[in-house]
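Undergrad: Spelled out from the first residue to the last, the chains are:
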Amino acid sequence: MKARAPKIAPEARAKELQNDLGLKYPDFTVCCTGAKIYIRGAFPVLHEGTVLDRYQIEIEWSDSDTEVPLLRETGGRIPWIADRHMSRGGMACLFVPEEWLLRSREEKTVIHYLDGPVRNYFLWQSLYDRGESPPWKDRAHFAPGLLEAYGEMVGMEGESTVRCCLEYLSKEQIKGHWPCPCGSGKRTRDCHLTHMRELQSKIPRYIALSALARLTNPTIK
Amino acid sequence: MNTNEYLQSVLKSQDLPDDSDELKELQSHRKDVEALLRKHFAASSPTIRYGGSRAKGTLIREYYDLDAICYFPHDDTAAGETLEDIYNNVEKALSTTYYVDRKTSALRLKSRDPQSFAKDFHIDVVPGRFTDDKKADAFIYQNAGDKKRLKTNFDVHIEHVNESGVLDAIRLLKLWKVRRGLRVKQFAFELLIIHLLAKKKNSPLSDQLQHVWTELRDRSEAPAVADPANPTGNDLTSLLKAEWASLSTTAGSTLATIQSSGWESVFGKVEEKTSAQKVAVLRSAAAAVTVPTRPWLPEV
Ligand SMILES: [Zn+2]
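Protein chains in written order, with the numbering used here: chain C, 1 to 221; chain P, 1 to 300.
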């Protein structure tokens, strides 16, 4: 499985995806509508070779660096309510988008998507459905959940700290005389500059920008 | 277990027993829906009857539904002047209690309860108007396609499928369709299967399925399939045409899968676990997740 080659025609890309899926998820059907690529079928929640549950889903696939794939549960099993992490439009909210976007190309294949976030999401839902306590904690809804995730991303806490950190990361260069985001009152060069420069090598500017934009408006795609 | 025994075990796993929670829930919703429609359209005394996959004998656990027809007398206008008015008025009435999804001719009912919003009730209400006093043929509204109205006959459809002699094949192919996310209209798909298997009614189930898939793979376009409720009037080919390419490709890959890996790769292993066992396996599967992605929510 290789990462996306840039600017490939949707029909050709759909064929590639169908091939990639065939190895592990032969049930899915990939098709195109205009420039959009849809993956449809019943998702099997697999564990040690057995199917524990199935969900009818539709994925609007995206190879983009700035957009995540969109997932809808089309069987009507999961209500569109906050506690189930379904938006009112029927969109499943698997993660804070930047957590996916931050992965390397090689870790953003369709198989990674299904084996990781999608399987996790439905395991969580299957347990919830059976009245079980969730296997792991969900994120807080809306902006607080974003702050939590971005805080983990930058290794700092607190709204103003995280925001400032993301702002610095969205700049071409972080200057030593800027006040440190941690709130120590020191300049970055005397405080977290090394940490910030390390982050810069891991978090591209467009991710910092999208994170900042999302903090202002969590609903942007 | 030979192939046909395996296919029978798949079918068995897709049964929904009369005392299942799913069917009990369906019955209770059905009562509510009927009461709502009767109250709302008391002046028009609609005919409300039930069909769907259970009546036709094609029910599968993974995708089941109940069709509730709500047909008004041919000379009634209280429920609406035109078919479109009827469709919209019935939608309005149902929307007081349900979240309603507008499908081509049917209105799909989902929950409006804030605790379970949009959860599917598996009920399609099909509004329409009888063509005459005999209350057999009816016109239903179509909000997609060239024709705004479709002539249909509830009993003829149910009978045609029920007495087709190929119910097992229909159920398995429906499961295939659902698992692969194929979007062809179920009633057109059923009529297509009956058409393709007209001379294969006595063949083993595995031969029937392979025959259907081979036909889907090898035909460059959908065959002309007549609607038994309106043999000269309704053109089902257009419904099949739109999805033919994906039906055809998927059928081809299914046949290749049977060749290379056998039938179990098509419908999967048949697992029979109690719900307690299921929960235990789900728990251990969740415990084995090394990087749990935490679900989030961007908006209400
Ligand atoms: Zn600092």
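Any given hint could be a false lead.
[What the hints assert, rightly or not] Partial selection, computed: residues in chain C whose CB lies under 8 Å from chain P:
1. Gly76
2. Pro79
3. Pro135
[Said to hold, decoys possible] DEER-style ranges, computed between Cβ atoms:
4. Asp83/C x Lys278/P: 18 to 24 Å
5. Arg105/C x Trp244/P: 47 to 53 Å
6. His177/C x Glu299/P: 36 to 42 Å
7. Pro231/P x Glu106/C: 53 to 59 Å
8. Glu152/C x Lys200/P: 42 to 48 Å
9. Arg103/C x Asp101/P: 30 to 36 Å
10. Ala12/C x Lys12/P: 38 to 44 Å
11. Asn230/P x Tyr206/C: 52 to 58 Å
To be clear, the hints were calculated from the coordinates, so they are not data collected in a lab. These figures come from a predicted structure and were not determined experimentally. Even for Gly, the Cβ is constructed at its ideal location relative to N, Cα and C.
Undergrad: Holds or violated: 47 to 53 Å for the Cβ distance of Arg105/C and Trp244/P?
TA: violated, 35 Å
Undergrad: Indicate whether the distance between the beta carbons of Asp83/C and Lys278/P respects the range 18 to 24 Å.
TA: holds, 22 Å
Undergrad: So the hint says 36 to 42 Å: do the beta-carbon atoms of His177/C and Glu299/P match that?
TA: The hint (36 to 42 Å, Cβ to Cβ) holds, given that His177/C and Glu299/P are roughly 39 Å apart.
Undergrad: Close enough to count: is the Cβ of Pro135/C nearer than 8 Å to one in chain P?
TA: With a closest approach of 3 Å, the Pro135/C hint holds.
Undergrad: Note whether the CB distance of Pro231/P and Glu106/C lies within 53 to 59 Å or breaks it.
TA: holds, 57 Å
Undergrad: Could you tell me whether the CB distance from Arg103/C to Asp101/P stays inside 30 to 36 Å?
TA: Since the Cβ atoms of Arg103/C and Asp101/P sit about 35 Å apart, the hinted range of 30 to 36 Å holds.
Undergrad: Does the beta carbon distance between Ala12/C and Lys12/P stay inside 38 to 44 Å, or does it fall outside?
TA: Taking Cβ atoms as reference, Ala12/C and Lys12/P lie about 42 Å apart, which means the hint holds.
Undergrad: Does Pro79/C meet its interface restraint, that is, does its C-beta lie within less than 8 Å of any C-beta in chain P?
TA: With a minimum Cβ separation of about 4 Å from chain P (threshold 8 Å), the hint on Pro79/C holds.
Undergrad: Hint check: is the beta carbon of Gly76/C less than 8 Å from a beta carbon of chain P?
TA: holds, 2 Å
Undergrad: Honestly, do Glu152/C and Lys200/P meet the 42 to 48 Å range at C-beta?
TA: violated, 60 Å
Undergrad: I want to verify a distance hint. Is the separation of the beta carbons of Asn230/P and Tyr206/C within 52 to 58 Å?
TA: holds, 57 Å
Of the numbered hints given earlier, the model fails hints 5, 8; all others are met.
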